Amino acid sequence: MTKDQRPTIYMDKIQGKYKVVSNSKLCDRFWRLEFSAPSIEKHTKPGQFVHIRVNDGLEPFFRRPFSVYRAKKNTEVFYEVVGPGTQIMSEYKKGDVIDVIGPVGSAFKMPRKTTKQIVMIAGGIGIAPFLPLTDVLRKKRKDLEMILLYGGRTKGHVYPMKEFKENGVKAHVATDDGSVGIKGRVSKLFNKINCDPKTTQLYTCGPHPMMHAVQDFAKKHNLKGEAACEEVMACALGACLGCAIQTTEGYKTVCYEGPVFDLAQIIF
Amino acid sequence: MNLSIKIGNAKFDNPVTVASGTFGHAEKYFNLGEVKKLGAITPKTVTYRPQEGNPPVRIVETPSGMLNAIGIENPGIDAFIETKLPAFQKTGVPLIISILGYSPKEFADMAKKLNGQKNVKAIELNLSCPNLKQKSLVAQDAQATAEVVRAVKKQTKIPVLAKLAPNVTDIVAIARAAERAGADGISMINTFQAMVIDTKTRKSKLGNFTGGLSGPAIRPVGVKMVYDVAQKVKIPIVAMGGIATANDALEYLIAGATMVAVGTYNFVDPQAPVAVLEGIKKYMRAQKINDIRKLIGSVNK
Numbered sequence: 001m002t003k004d005q006r007p008t009i010y011m012d013k014i015q016g017k018y019k020v021v022s023n024s025k026l027c028d029r030f031w032r033l034e035f036s037a038p039s040i041e042k043h044t045k046p047g048q049f050v051h052i053r054v055n056d057g058l059e060p061f062f063r064r065p066f067s068v069y070r071a072k073k074n075t076e077v078f079y080e081v082v083g084p085g086t087q088i089m090s091e092y093k094k095g096d097v098i099d100v101i102g103p104v105g106s107a108f109k110m111p112r113k114t115t116k117q118i119v120m121i122a123g124g125i126g127i128a129p130f131l132p133l134t135d136v137l138r139k140k141r142k143d144l145e146m147i148l149l150y151g152g153r154t155k156g157h158v159y160p161m162k163e164f165k166e167n168g169v170k171a172h173v174a175t176d177d178g179s180v181g182i183k184g185r186v187s188k189l190f191n192k193i194n195c196d197p198k199t200t201q202l203y204t205c206g207p208h209p210m211m212h213a214v215q216d217f218a219k220k221h222n223l224k225g226e227a228a229c230e231e232v233m234a235c236a237l238g239a240c241l242g243c244a245i246q247t248t249e250g251y252k253t254v255c256y257e258g259p260v261f262d263l264a265q266i267i268f
Numbered sequence: 001m002n003l004s005i006k007i008g009n010a011k012f013d014n015p016v017t018v019a020s021g022t023f024g025h026a027e028k029y030f031n032l033g034e035v036k037k038l039g040a041i042t043p044k045t046v047t048y049r050p051q052e053g054n055p056p057v058r059i060v061e062t063p064s065g066m067l068n069a070i071g072i073e074n075p076g077i078d079a080f081i082e083t084k085l086p087a088f089q090k091t092g093v094p095l096i097i098s099i100l101g102y103s104p105k106e107f108a109d110m111a112k113k114l115n116g117q118k119n120v121k122a123i124e125l126n127l128s129c130p131n132l133k134q135k136s137l138v139a140q141d142a143q144a145t146a147e148v149v150r151a152v153k154k155q156t157k158i159p160v161l162a163k164l165a166p167n168v169t170d171i172v173a174i175a176r177a178a179e180r181a182g183a184d185g186i187s188m189i190n191t192f193q194a195m196v197i198d199t200k201t202r203k204s205k206l207g208n209f210t211g212g213l214s215g216p217a218i219r220p221v222g223v224k225m226v227y228d229v230a231q232k233v234k235i236p237i238v239a240m241g242g243i244a245t246a247n248d249a250l251e252y253l254i255a256g257a258t259m260v261a262v263g264t265y266n267f268v269d270p271q272a273p274v275a276v277l278e279g280i281k282k283y284m285r286a287q288k289i290n291d292i293r294k295l296i297g298s299v300n301k
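Read top to bottom, the protein sequences are chains A and B.
Here the first sequence is numbered in the numbering used here, starting from 1 and rising by one per residue.
Here the second sequence is numbered in the numbering used here, starting from 1 and rising by one per residue.
If you are wondering where the hints come from, they were derived from the structure by calculation, not from laboratory data.
Any given hint might turn out to be false.
To be verified - So the derived list for chain A, only partly shown, Cβ under 8 Å to chain B, looks like this:
#1 Phe62
#2 Arg64
#3 Val232
#4 Cys235
#5 Leu237
#6 Cys240
#7 Leu241
#8 Gly242
#9 Ala244
#10 Thr247
Quick caveat: nothing in here was measured; it's all calculated off a predicted structure.
Glycine included, C-beta positions come from ideal geometry on N, C-alpha and C.
The task is simple: from the sequences and hints, build the whole structure.
Laid out in structure tokens, this is it:
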């Protein structure tokens with residue numbers, strides 16, 4: 001068991017009730033929820049997440065974790081309606097009050113000074129943590145080349161790339177049916193990039209098979225990377241140990257030791 | 001208003017604690033200044049040797065509750081005492097340490113290691129462990145339960161709670177066996193053995209195949225079991241099983257529990273234990289009850 005190096009969570013500061021500012025459908029299945037939470041906006045680092053109690057009752061029972069998609073004027077999360085929890089969320093109206101824990105979890109490490117290029121490989125809803133990463137890097141590292149390889153099932157699952165382009169990100173898209181970008185898996189886009197172990201840093205977030213492919217690619221080309229993981233979660237505070245995943249250092253909690261892990265460390 | 005209660009020779013300022021396994025092992029919640037208001041903290045169960053826990057998936061959401069098969073991931077009693085216990089002790093809140101052994105001797109050896117540890121006010125025996133002779137759980141066998149309690153009582157003066165499992169024909173018989181063996185109190189109930197199947201894959205949704213059901217879904221069963229046991233044993237009962245609100249806790253107290261623990265609901269609202277305590281006080285004020293002991297077991301027929 002590794003020693004906790006994460007700071008203590010201040011529960012009374014980390015849980016709050018916040019007002020919904022807007023809640024809108026972005027494309028086919030994807031929605032964007034915006035709420036006003038000054039403490040989240042102040043403290044969130046790219047890769048961290050919030051844990052939303054979707055309603056006051058006991059159904060659904062668990063909170064739902066969402067990567068923070070933007071924490072600027074307000075806090076924004078990006079979600080796909082896949083079950084009863086996200087269905088309830090899609091019915092939120094402006095002014096509704098929601099109970100949120102956050103920000104929690106680990107953040108992406110910033111690229112080193114010697115890094116010249118970052119490549120973000122995302123699948124579906126896994127795009128969420130990368131916008132805040134590019135928001136930060138756009139200001140901090142003007143010299144950095146930012147590339148996004150993005151895969152989705154079909155057109156309606158592909159988030160419009162506008163905000164990434166505004167941040168100066170070069171985006172390549174693949175869909176299973178070829179309705180946007182090239183046809184096939186996101187791994188087909190790997191040939192779009194020229195990687196150098198000394199100057200390239202990878203980041204990935206998406207389904208496990210996709211991140212596994214990224215891990216193989218990184219290993220083959222001797223590249224360093226980080227992966228943001230997702231798991232069914234109860235507490236989001238490292239208490240229940242329910243969201244453990246296998247790593248080369250034993251089981252680790254996605255909520256507390258993650259969600260961002262060293263890519264090489266995860267056993268998919 | 002008197003809220004204090006006793007288990008054996010241990011005194012607690014109020015009757016609200018947390019159920020083991022739901023409040024973590026580390027310091028995570030401790031800076032919630034309000035934690036200091038609780039009657040006791042019960043950390044996650046510790047075993048003699050370290051355990052890495054079960055393979056994922058470890059939890060599944062169910063109607064008004066969840067299934068878990070965490071597998072008691074913990075660093076083992078020695079590492080617990082060295083690396084985790086000091087932070088718990090620093091809170092100043094009385095501690096109830098939950099232990100699980102794979103033999104009466106392991107239980108007894110762990111209890112021995114807890115002797116003299118500051119703020120350890122009670123030891124809770126997690127009896128949902130294998131009973132090697134019977135291919136069942138210790139908590140499913142009156143004799144095996146008594147054997148563990150006796151072995152622990154020989155090694156320690158710290159009050160001992162026997163934590164019972166609900167998957168039994170007659171929980172009263174097990175509770176009485178624990179009492180006769182010298183237990184200072186009964187903790188009840190542990191989770192119900194349960195499973196959830198993914199109909200797409202026809203596989204269990206848990207890595208461990210089966211798990212334990214907890215949460216508000218089990219509360220009415222727990223209240224009945226606490227009521228039944230309270231009729232037949234004299235030692236205090238620490239009740240848990242789906243407590244989410246003060247009203248839930250009051251049901252257990254009125255049914256006969258001396259102490260109440262918020263468990264699974266901590267995952268939904270980590271500030272619930274304190275809200276439960278405040279709610280109990282409010283109820284007592286409204287009902288003009290000046291002593292919690294007048295509330296315990298006060299169910300009208």
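Consistency of the hints with the structure:
1. Because the smallest distance between the Cβ of phenylalanine 62 of chain A and any Cβ of chain B comes to about 5 Å, under 8 Å, the interface hint for this residue holds.
2. Violation of the interface hint for arginine 64 of chain A is found here, the shortest Cβ-Cβ separation to chain B being roughly 10 Å, above the 8 Å cut-off.
3. Checking valine 232 of chain A against chain B by beta carbon gives a least distance of about 6 Å; that is within 8 Å, so the hint holds.
4. The beta carbon of cysteine 235 of chain A is positioned within 8 Å of a beta carbon in chain B (closest approach about 4 Å), and the interface hint is therefore held.
5. Taking 8 Å as the C-beta contact cut-off toward chain B, the hint placing leucine 237 of chain A at the interface holds, the least distance being around 5 Å.
6. At its closest, the beta carbon of cysteine 240 of chain A sits 6 Å from a beta carbon of chain B; the interface hint therefore holds under the 8 Å criterion.
7. About 5 Å separates the beta-carbon of leucine 241 of chain A from the nearest beta-carbon of chain B, less than 8 Å, and the hint is met.
8. Here the hint on glycine 242 of chain A is kept, as its CB sits about 4 Å from the closest CB of chain B, short of 8 Å.
9. Satisfaction of the interface hint for alanine 244 of chain A is found here, the shortest Cβ-Cβ separation to chain B being roughly 6 Å, below the 8 Å cut-off.
10. The interface hint given for threonine 247 of chain A is violated, since its Cβ lies 11 Å from the closest Cβ of chain B, which is over the 8 Å cut-off.
The structure shown violates the earlier hints numbered 2, 10.
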